[in-house]
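Chemist: The chain contents come next:
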Amino acid sequence: MTEASAEPAPRVADAFADGPALIPYLTAGDPDLEATEEFVRALARGGADAIELGMPFSEPIAEGPTIQNAIFRALDAGTTPERFLDAVGDLDVDVPLLVMTYYNPIYQYGSEDGPEPYVEAAAEAGLSGVIVPDLPAEESDPLQDACEAHGLDLVFVVAPTTTGDRLDRLMARTSGFAYVQARLGTTGARTDLSEATFESLSRLDGYDVPRAVGFGVSEREHAAAIVEGGADGVVVGSALVEMVAEGVEADENPATVAERLQAAVADLKAGAEEGATRATPESQGN
Amino acid sequence: MSGDARETPADDGKFGRFGGQYVPEALMPAVEELTDAYQRYVLDNEDGFIDEFREHLRTFGGRPTPLQRADRSSERYDTEVYLKREDSVHGGAHKLNNALGQVLLAKYMGKERVIAETGAGQHGTATAMAAAHLDMPCEIYMGRTDVNRQRPNVFRMRLDGAEVNPVDVGSGTLKEAINETLRDWATNVEDTHYVIGSVVGPHPFPSMVRDFQAVISEEARSQVQEAADRLPDAVVACAGGGSNTMGSFHHFVGDEDVDLYAVEAGGSGLERHEDEGVAPHSASLSTGDEGVLHGARTKLLQDRHGQILESHSVSAGLDYAGVGPELADLVESGRVTPATVGDDEALEAFHRLSRLEGIIPALETSHAFGFLEREGAELGDLVVVTVSGRGDKDLETVIEETEQRDLDAAPDLEVFER
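From first to last, the protein sequence lines are chains A and B.
Straight run, no breaks: the first sequence in the working numbering ends on number 1664.
Straight run, no breaks: the second sequence in the working numbering ends on number 1041.
Because the hints were derived from the structure by calculation, they are not lab data.
There could be a bad hint or two in this list.
Unchecked claim - Sample of chain A residues at the chain B side, in silico, Cβ under 8 Å:
| # | residue |
| --- | --- |
| 1 | F1435 |
| 2 | E1437 |
| 3 | A1440 |
| 4 | P1459 |
| 5 | P1483 |
| 6 | P1514 |
| 7 | H1528 |
| 8 | D1531 |
| 9 | V1535 |
| 10 | V1536 |
| 11 | R1544 |
| 12 | L1545 |
| 13 | Q1559 |
| 14 | L1562 |
| 15 | T1569 |
| 16 | S1572 |
Just so it is clear, CB atoms sit at the ideal spot from N, CA and C, and this is done for glycine as well.
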């Protein structure tokens, strides 16, 4: 592999060590893996604290139209798990990288059934964490064992419908952070924040795990409000994927799109920091 | 329930290595709620649910359906052939058994809305009928390609008051419709029940849908004993997702001397074209590999990277890249024998049964009769074949496909030419 894989990958928790974490998502291979590498470097320059990369799967049931279309562009461009991991191995950014994908491509990877070969290759490529939206805690033992064996964090999604014992079990299982789903439904940029987001955050008070909010977060003020509301991090996906889509549509140079992504991440990061400043005096009273 | 040797699966819904609950966390509480409702209402008959379900099947659905001795087929194959006539269920297919059960269950659960996916439109129309009958708002997701090629069924759903939402992504067929219905469910999970159309999906759907369809084999098992004073040597049913198959087999699974044959769509050939992402068949039991799709671990048509292939069959109702996990397990254990029948053989069988018995079968059903033609008396002295649905919905397709072929059993269709 590459030089980068010789050094140990950073831990996902590092992203939360120094103030609120801004975690952008892009679909890898959209419009191709070379562009993705350029975009990822731009996200890191813009101040991303960790980066989620979607590894495309043909049946993306958790995604709204924006990311579905990105996934289909990536598949059309020939993005396979092997090529994805090669591209990740070529990256030299120093923030933790997480793969977000569905269980079947993880399960099929390598010569034997089961998640172990994929996780081993992901660790070698320098990935720090794994998020699998169609794998609930109940079915996750094999993947969790593999992640522990290879030093990767397995991040679970906490939904607005997750309560009671389920919540306790998930918070005990998740590692790196808890991915707080801001609202019911699929991924996709929204113009407002839902009340459910803040209810979810307050339900998660008292667990000793960083909480990052995603699903529908698109604007600087969202990032500020979410961090002010108690989140340790913000995940932004569809709004950035939309910028890539517009670049593809207008046949723009990836470098031009990368500049816009960098600026957008810097803006969102500034929002998160504003939120942290606003929260400080109040949180002392809590 | 005589002849029922199978246990309800463990709480995690596993059938051997198959099954499970591979769904987003947001849906897990709904899946747990449904598991609880399945136990109470369906398995324990709480509040008389099963009694009411059976009453609707009888008065609205037209059950029990006949088990008919097929005289001319019996003569042709030199064996006793009996037909389980699910084509005579209201709506023209076995699909209503499940749709009625689930829409009624949604009412018992206090849900305010049902949604369903449909490929050819048979499950969509069955759900729309059940929803109208039971006064439940209903929305159907259907791939754009299927909407355009199944217009009569789209009209039937609309006539029964259902909303029909075309799905534009991907190839615009069944798996995209399932994806989009899962997305709707994940958005509206608090007041909505997803009426899944086959023995697929996360637990408890494979068990629950099987239980609603098991009325087929419950009736057939006692009817055949009454008619012939014995059990059959073989039961033959077509298999797509597997709801007709599991329904036809369930009460015979414990009868070890009864052979069970699941006939899949062989399409135009059993190969795979991974570069194009296509398998020109739907034979996931016969040719698929283990994987995870739409909530369950099962046998799938997929490429070596785990991407799901576009399947094919002349019969839209069998055209699916996965199969129910219990059926996958029954094949794995050797209890059920899988077989494939291609487009050509199925079309021949369609014409043959129409002419021989005066029964125009659905193209799905025709696959079971293609298998009967191939095996004949090899299947034993008494064979039950499930006529899963009637073929009225397929006439346009059959005319088109027949014109492209030289079929021995087809009538002269010149009347349609100008």
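Chemist: For every hint, state whether the structure bears it out.
Modeler: Hints, verified against the model:
1. For the restraint placing F1435/A at the interface with chain B, the shortest Cβ-Cβ distance is roughly 7 Å, inside the 8 Å limit, so the hint holds.
2. With a cut of 8 Å, the hint placing E1437/A at the interface with chain B holds, because the nearest CB-to-CB distance is about 6 Å.
3. With its C-beta approaching chain B no nearer than about 5 Å, A1440/A sits inside the 8 Å limit, and its interface hint holds.
4. Because the smallest distance between the Cβ of P1459/A and any Cβ of chain B comes to about 6 Å, under 8 Å, the interface hint for this residue holds.
5. With its C-beta approaching chain B no nearer than about 4 Å, P1483/A sits inside the 8 Å limit, and its interface hint holds.
6. For P1514/A, the interface hint holds, the least distance from its beta-carbon to any beta-carbon of chain B being 5 Å, beneath 8 Å.
7. About 19 Å separates the beta-carbon of H1528/A from the nearest beta-carbon of chain B, more than 8 Å, and the hint is not met.
8. Because the smallest distance between the Cβ of D1531/A and any Cβ of chain B comes to about 17 Å, over 8 Å, the interface hint for this residue is violated.
9. The closest approach between the C-beta of V1535/A and any C-beta of chain B is roughly 5 Å, which is under the 8 Å cut-off, so the hint is satisfied.
10. This hint holds: V1536/A has a C-beta 7 Å from the nearest C-beta of chain B, less than the 8 Å allowed.
11. The interface hint given for R1544/A holds, since its Cβ lies 7 Å from the closest Cβ of chain B, which is under the 8 Å cut-off.
12. Hint on L1545/A is violated. Least Cβ distance to chain B is approximately 10 Å, over the 8 Å limit.
13. With a least beta-carbon distance of about 6 Å to chain B, the hint placing Q1559/A at the interface is held under the 8 Å criterion.
14. With 8 Å as the threshold, the beta carbon of L1562/A comes within range of chain B, its nearest partner Cβ sitting at about 5 Å, so the hint holds.
15. About 17 Å separates the beta-carbon of T1569/A from the nearest beta-carbon of chain B, more than 8 Å, and the hint is not met.
16. With 8 Å as the threshold, the beta carbon of S1572/A stays out of range of chain B, its nearest partner Cβ sitting at about 12 Å, so the hint is violated.
Against the hints set out earlier in the document, violations occur for numbers 7, 8, 12, 15, 16.
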